[in-house]
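*Asks:* One-letter residues, chain by chain:
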Amino acid sequence: MDAQETILSVKDLRVRFRTLDGAVEAVKGININVKAGETVAVVGESGSGKSQTMMAAMSLLASNGEATGSVDYRGRNLLTLSKSELNKVRGRKISMIFQEPMTSLDPLYSIGNQLIEPIRRHRGLNAAEAREEALKLLRLVHIPDPERRMKSYPHEMSGGQRQRVMIAMALANDPDILIADEPTTALDVTIQAQILMLLAELQRKLGMAIVFITHDLGIVRRFADRVYVMRQGEVVEEGDAEALFASPQHAYTKMLLAAEPTGSKAPPPANAPVLLEGRNVEVVFRIGGGFLSGEPLMLRAVDRISIRLQRNQTIGIVGESGSGKSTLGRALLRLLPSDGLIRFGDRDISGADRQAMRPLRREMQLVFQDPFGSLSPRMTVGQVITEGLLVHEPNLSGKQRDQRAIEALREVGLDPNSRNRYPHEFSGGQRQRIAIARAMILKPNLVVLDEPTSALDRSVQKQIVELLRKLQADHGLSYLFISHDLAVVRAMADYIIVMKQGKIVEEGPTEEIFSNPQAAYTQTLMNAAIDVTRFRLSA
Amino acid sequence: MLRYVFRRLLTAIPTLFVIVTMAFFLIRVAPGGPFNQERGLSPEIKANLEAQFGLNDPLWLQYIHYLGNLLRGNFGPSYNMPDFTVGELFREGLPISIQLGASALILALMLGSVLGTIAALNQNKLADYSVIALATAGSTIPTFVIAPVIQLVFGLTWKLLPIGGWGDGAMINKIGPVLTLALPQIAIVARLMRGSMIESLRSHHIRTARALGLSDWSVVVKHALRGAILPIVSFTGPAAAALLTGSIIVETIFSIPGVGRHFVVAALNRDYTLVMGTVVVIALFTIVFNLIVDLLYAVVDPRVRYD
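Chains A and B are the protein sequences, given in the same order. At position 498 of the first sequence (counting the first as 1) the number is 498 in UniProt numbering, and the numbers step up by one without a gap. At position 76 of the second sequence (counting the first as 1) the number is 76 in UniProt numbering, and the numbers step up by one without a gap.
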């Protein structure tokens, strides 16, 4: 194959969505070329139009969207092909994998059934031949025990395995181009590295071009031959990956490159008072059981964990999904029933009920991951952030509450005049600031931050990290920072606890953990995070 | 799976017991009795009748007797139709009501699903609006309007269908009542199907199917429809129980000897045993159909497992 041949060329592509507020232009006349066998990254933050560009190319836009311009695949404009002609290209010559491995497979059909379907459709094989092909594909993507897996349903597989199956389906007909739309974003970091490695291996074997749509510059740096940087529907910069990283030209690219969270936090003095202490904290969930249905299954989500959080300290709790880190955070705040001893300040709160906890709630606040789901859509921002005051400081007048709202908004860097607007009018980063203001307005001592930056773009993450550090310094706060993102944890925490399956596998001061991880699992985690930025996709 | 069915049937026993008990005492709380008709029987005859049927015994004893008979499959005599036992009334009427109800249900499920799917595939276009209009009409026009209109147009004017009567189950006699029963159900099924199909078509795995270049037929029928059918399956349970146990309006207007009218007539006449019989039959149908629906759910959706 001629490596110089351009096989996909997007010319002056515009994507427009008709909405109730009029037409919105998501992509504003962009040009992108993909040559045979190369890896192209389309980089941008959320809302940049990077996904919609490729959705338009594949005619997968939502029904209120329309695309103009041209998307030429080997001389044929995909945008004007008839549906039956298009369906000879989609899944055959160009295929696509998506961000949501959990929902991208049909839950009602077995893996084998779903794999066989596109093979039969595009290659006209009979059922037995297609089955053989499907088995080969499952082996190709390293699914263990493929014979058995053919009969499995998606819900019986992990996210990483589902993404492998998606990749197998996409590559079933040996396509020229694989479009990968944030293929690893929803996965744990160790799984991310495995999937990326798999894609690199498959590209070496099969030689298809890959279009990576991603917000993760780590992936771009090590994987892509060429990069397109998108912002607000336009390509602001393009070029060879190495050159672009070495000397970015556009201010936005420079900003993106500088957006990795930096800095570190010094530990508090050794004699700082202990604010929160847990000893042998244990949380057990009961699954199933009941009338005539046998013994329930007991799941030990937090398994005898001890933790000491000092004033002005940030403990990072690191682990992959299902490790029990969020459950631990909730148990320590007595939001979940648990066994073991929990002390807050000088009080034993192990057995405290709702009633007894209420006066303490003001001092312990929680910020959640999802800035979209955690703010009531029917309350103004002012109402959202002052609601806690109604409970904890009922004597305040309306005017005083309003004054506190203004102060809190100012403190988190939002315009105080925005307090009469509703949450949906704000961006993800702004909403997270609102959630932080809601916690801060009560002047707490302890804030549990449960993945507060995970749903945000890198550049916004950095701002939130800086805001949280400033608030901590100003008010002497203690943080429990729960996260799977090692880069953010490194910038936030002075002490780290690594959790796996409800247990602590390793703990220690941040720099020690990062420079000299002891436990095998910690090393795997670190390597996975670094691997993403270490090897190249194209050999 | 068998274990699950067994467990469900086992839990049906206390459910039925509670229903029977509540119905037994509730109907007795209502004033009057089976022999307080307007014509007025002479007090002697009334006393005789009551003694004959054991209505003078203390209520708890009557309850024990009734339960005992019920356990032996004996629903007792009908008070107002002394020539029949309640069991006989059901043996005669129930097959008729089931035939009509089942035909109406099948028609409604098929036609409703197709209409709903067509609407979903043409969302906010003419076909969609037509289906919505039809569904709105179907669910707002009462059956006691639909039935006479069918009689008038097809029976009287065009003379295509008989105006009423069972005609020993002749096909032509069933068309009017089945249509009347089915129309509101078609409307409900179409609306349900439209909604769940629109949602299903938006799901991520449909996007995957399209990206793989699968045919429209496969995308819509194999992948979208199967997921969208689940709400219809849930709806079918209670709908089947209601349809198969007959409808007083349809049976009265078309002069069909089904069991639908027993429920209302018996309640008005304080025909205690017939009321109880109807309650037991409807409860049984409801329990059985809900079980069937839950089992069907597991057939359609592999994520649902009962072991």
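Worth flagging that the hints you see were computed from the coordinates, not collected in a lab. Every residue gets a Cβ at the ideal spot worked out from N, C-alpha and C, and that includes glycine. A hint or two may mislead.
As the list claims (entries may be wrong) - DSS-like cross-link-like pairs, simulated, lysine-lysine; straight-line CA separation at most 30 Å: (1) 125/B / 28/A; (2) 159/B / 83/A; (3) 254/A / 28/A; (4) 125/B / 88/A; (5) 125/B / 151/A; (6) 174/B / 88/A; (7) 136/A / 222/B; (8) 136/A / 11/A; (9) 83/A / 222/B.
Claimed, not checked - To be clear about the criterion: a stretch of chain A counts as covered by chain B if any three or more of its residues have a C-beta under 8 Å from a C-beta of chain B, and this derived list gives those stretches: (10) 78-88; (11) 104-117.
*Asks:* None of the hints should be skipped; say for each whether it holds.
*Replies:* Results of checking the hints against the structure:
Simply put, residue 125/B and residue 28/A have alpha-carbon atoms about 28 Å apart, close enough for the 30 Å limit, and the pair holds. Using a Cα cut-off of 30 Å, the hinted pair residue 159/B and residue 83/A is violated, with the two alpha carbons roughly 48 Å apart. Distance check on the hinted pair: residue 254/A and residue 28/A sit about 22 Å apart at the alpha-carbon level, within 30 Å; holds. The suggested pairing of residue 125/B with residue 88/A holds, with an alpha-carbon distance near 28 Å, which does not exceed 30 Å.
For the given pair, residue 125/B sits about 40 Å from residue 151/A by alpha-carbon distance, which is inconsistent with the 30 Å threshold. Distance check on the hinted pair: residue 174/B and residue 88/A sit about 49 Å apart at the alpha-carbon level, beyond 30 Å; violated. Our distance criterion of 30 Å between C-alpha atoms is met by residue 136/A and residue 222/B, whose separation comes to about 25 Å. With a C-alpha separation of about 37 Å, the suggested pair residue 136/A and residue 11/A falls outside the 30 Å cut-off, and the hint is violated.
For the proposed pair residue 83/A and residue 222/B, the alpha carbon gap of about 18 Å is at most 30 Å, so the pair holds. Residue count for the stretch 78-88 of chain A with a Cβ under 8 Å from a Cβ of chain B: 4. That meets the three needed, and the coverage hint holds. With 8 residues carrying a beta carbon less than 8 Å from a beta carbon of chain B, the stretch 104-117 of chain A meets the three-residue requirement, and the given coverage holds.
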